[in-house]
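The lines below spell out each chain.
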Amino acid sequence: MSEKTDVWQGTLALMVLKTLEALGPLHGYGIARRIEQISEDKLAINYGTIYPALVKLEQEGYIASEWGASDNNRKAKFYKLTRAGRKRLAKETEKWETTTAILARFFVPPQES
Amino acid sequence: MEMRKLRGWLVRLFGLLHRKQREQEFAEELENHLAMHIEDKLRAGMSPEEARRQTLIKLGGVTLTKELHREQVGLPMLETLIQDLRFGLRMLRKNSGFTAVAVLTLALGIGANTAIFSVVNAVLLRSLPFAEADQLVMIWETQPDVRGPVGTYPDFLDWRTEAQSFQKMAAFSNKRYGKAELSGYGETLEALGCLVSQDLFPLLGLKPILGRNFLPEEEQLINNRVVILSQAIWRRGFANDPGIIGKSIQLGGASFTVVGVMGEQYPLETDFWLPLSHLHPTDLTSRKHHSVQAIGRLKPGVTIEQARQEMETINERLRQLYPATNKNIGVELTPMRHHLAGNLRPIVLLVFAAFALILLIACANVSNLLLAQSAARQRELAIRAAIGAGRGRLVRQLFIESLLLASLGGIAGLALAALSLPVLRSGLLGIVTGKIPGLEATGLDWPTLAFAFGISLLTGVLFGALPALRISRIDLNRTLKEGGKGAVGLGRRNPSSVLIMAEVALAVITLVGAGLLVRSFQKLLQVDPGFRADNLLSLKIELPRSRYQSGEQVKNFYQQLTTRIQAIPGVQQVGFIDRLPLAPSFAISKFVAEGQQPEPGKEPIAQMRRVDHRFFEMMGIPQRGGRLFDENDAIADNNVIINETMARDFFTNQEPVGKRIFMHFGSGEPTPVQIIGVVGDIKDLGLDAPVEPEIYWPGVGGEAVMLTRTTVEPLSLASALRQAIQSTDPALPTQHVRSVEQILDATLASRRFTLDLLCISALLGLGLAAIGIYGVVAYSVAQRRHEIGIRLALGAQASDLLKLIIGRAIATVLLGLALGLAGAFALSQLLARLTAGLLFEIRPTDPATFAAIALLVVVVALLACYLPARRGTQVDPVTILKHE
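So the protein lines, in turn, are chains C and H. First residue of the first sequence: 1, per this note's numbering; consecutive thereafter. First residue of the second sequence: 1, per this note's numbering; consecutive thereafter.
In isolation and in its complexed conformation, chain C is listed as follows (with noise of 0.2 angstroms):
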């Protein structure tokens, strides 16, 4: 695995646990959709791209998942924020926002009076 797939897989990660804390259980297509739908298409992904990743969540325990059936009554499985997937959220979502606002020193020095 390059690190590049490495980085992207851990932000997709992250974009997932976010949508499912957002609207809660929720699956593949719809996870996919409603990411590609936030990031206003700017963010083109391959909907493909979004099942290892929810294995790998689910493999560590972030996320659960159990069959169901859809809106249009399709048998569908959905994924569900686990406890610890919420923590991890809580930690990652703090994280973010001290690097941003590290960051948003460097890029918008503050006005020298």
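Mixed in with the good hints there might be a few duds.
Stated by the list, open to error - Dumping the calculated DSS-like pairs for lysine-lysine here, alpha-carbon to alpha-carbon at most 30 angstroms:
hint : chain 1 : residue 1 : chain 2 : residue 2
1    : C       : LYS80     : H       : LYS41
2    : C       : LYS18     : H       : LYS66
3    : C       : LYS95     : H       : LYS66
4    : C       : LYS80     : H       : LYS247
5    : H       : LYS41     : C       : LYS18
6    : H       : LYS5      : C       : LYS87
Bear in mind the hints are in silico, worked out from the structure with no lab data behind them.
Fit chain H to the supplied structure of chain C, relying on the hints for placement.
Then chain H, alone, in the frame of chain C:
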């Protein structure tokens, strides 16, 4: 976080189990994903075809998605590995003949090495049962003519006070109580005693299991009637009585108080210990009598080399202070471990080296088999490469097969080692002098198993490397075009022939080594001991000093015994000597022959033995001049008989009889003695040692060996002899009766055993090389069936083809032979050192041995070529050509 990652890996590992189910589930999930996506697109007004097309594009391909998913669910690396393993096993099963030969070859190599390693580990590597045993060194004095790890007590005392390299230095002596009678509860036991300085046990880190160690004051002459018993004798003679401490026991006729019982870690065979002050009074004060052995514990960080330098400085000072006694004395230090391994060390190392060569030959053999096989598999491998298997994958596949083979060989080898270890162990126990810690416990322990595993892996890599390398370089197009008939033959620069050459060379080296030992042994068996060894029985007699105090009592005993023995039917004659020849005598002495003036301190040394007046005649030792002893000769008369060597070396062109010799016994004036006779040489120090000057004195003392010449099979008289002793003195402990032929045999036991092992290794080497040659020739003939068929059809004679094939193979063998002989020649110095003391009257470059080995190898190689070559050429060309 890390825990979560670990959990992820574990889940993936288990994911390997239900793969089918998981894949089906995902297929369903993906199907619904696509359906939902397409429905959304249809709702947006797209045509069904367009919707489907765009959905699949957006997904990134169904197969790829499934592939990505599968990789995340399981462990792809492990999966391919398992695949390769499965495939490897299938290949091995398919070529079961090849597998059997390879596994057997490896099992022989690995098994032999594992077995011998377990001995190396026990004897040379495993830590000794003492605290920080690597700090322990033996310190001893070297004398110009005497070998043995001994020094004098006064010198030891000086060492102990002066040397700074040691934390502690202790001494012990087996001299005075080498054997003593010890009164147990009930019976009298014969026990081995050792005199020790008080700090010996603390130095070794040993504590008594009962009672206490000796006290410093007990090393002085007063209050020293104390004894420490070994656990073994405590059990044997005192029924493990915990109340033994403080009790008084009889030891060699005097009473001693038991102060302690020592556990079983003490390295030398000993039944009891006494304070060192029980040394003979002259040994305690004289710098002339070498009677103690010293052990030192090095200070941390001090090397044995530094300690040796310091000891040499001290020794130099002692030499200058006491020139009369110490002028020619040197000092030597050896690690305790080497000392304890004793005569086993060179043997074990030699055999280990030989078996290591055998393992290399085995590797070369299997490598060759694999090469032949991989040539046959070139087509298969080329096809696999053509449909996308990477070179790395192919090489890995071949390595996995090699490692599988090596593992099978390793397992079979372990079984072989387990079977052969008891034999090896009992053989070694039979030849060791004294007790070697850990030897009895030699077995398949963890280090040995680890070793077996290690060498299996190593051999796998070794023999797998060449075929794997070759495969990684195959030319796809050519192989596929040629229909995969890769040829393996014995042409020049062919890796097979290089391997065969190496095998032959290695086999030749081990054969030469074994051959030299065989020749030495033959020469040794031809050595004339100087006496008639047949129909001769030996029996030790030890008269307790307590009951045999006067010379008269001793003399009476021997007279009565002789009368009784001679009355036994089948006994021809009987004689006595204080110590049996073939081993160093009890006493040696410096002497000066009349008319000679050697440099003071460099006087020659003679062995001294005491014999009764019938001894020479009974032994069949020829009289060479003067007269033999008669009944009236007594030791006090100072009349001696010398051997031929002494007469020749010290009375050249003179008549020795009637001349005097001056014996340097003590520190006083030399004692003059008169030569009354000369007798033939006997091999006094062993069959393999040169004869030394020997002085015989008349009459034996309380300790002697009775030799009985019989007219019947000697051992059949053993019980009659014992009975005669019992009737003469019922209180004497019964002794082992052995025939002198048995004793002669025993002096050769260690040689015979080493020889056996080396011969096994050499024959294994030769056998493996022969199998290797056979295999390669057979394979190359099989590969060239077609060509042979055409040649025969065109009128070639089968015999010419046979010559051609054999000629090529033999050229390779001869090259290997030459290399091996050159190698053995180049290694001859090393070989001589490795076989130290094992070569007898044979130079390590003995031309006869080299020639015999060369002949043997050529004959075996010819046979190994001829058999498969004949089979390959005695074919009907029509059948072959039709068949193709």
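Do the hints match the structure? See the list:
1. LYS80(C) to LYS41(H): Holds, at about 26 angstroms.
2. LYS18(C) to LYS66(H): Holds, at roughly 25 angstroms.
3. LYS95(C) to LYS66(H): violated, 33 angstroms
4. LYS80(C) to LYS247(H): Given that 30 angstroms is the threshold and the Cα spacing comes to 85 angstroms, the pair is violated.
5. LYS41(H) to LYS18(C): The given pair, whose Cα atoms are some 26 angstroms apart, holds under the 30 angstroms limit.
6. LYS5(H) to LYS87(C): Holds, at about 15 angstroms.
In summary, the numbered hints that this structure violates are 3 and 4.
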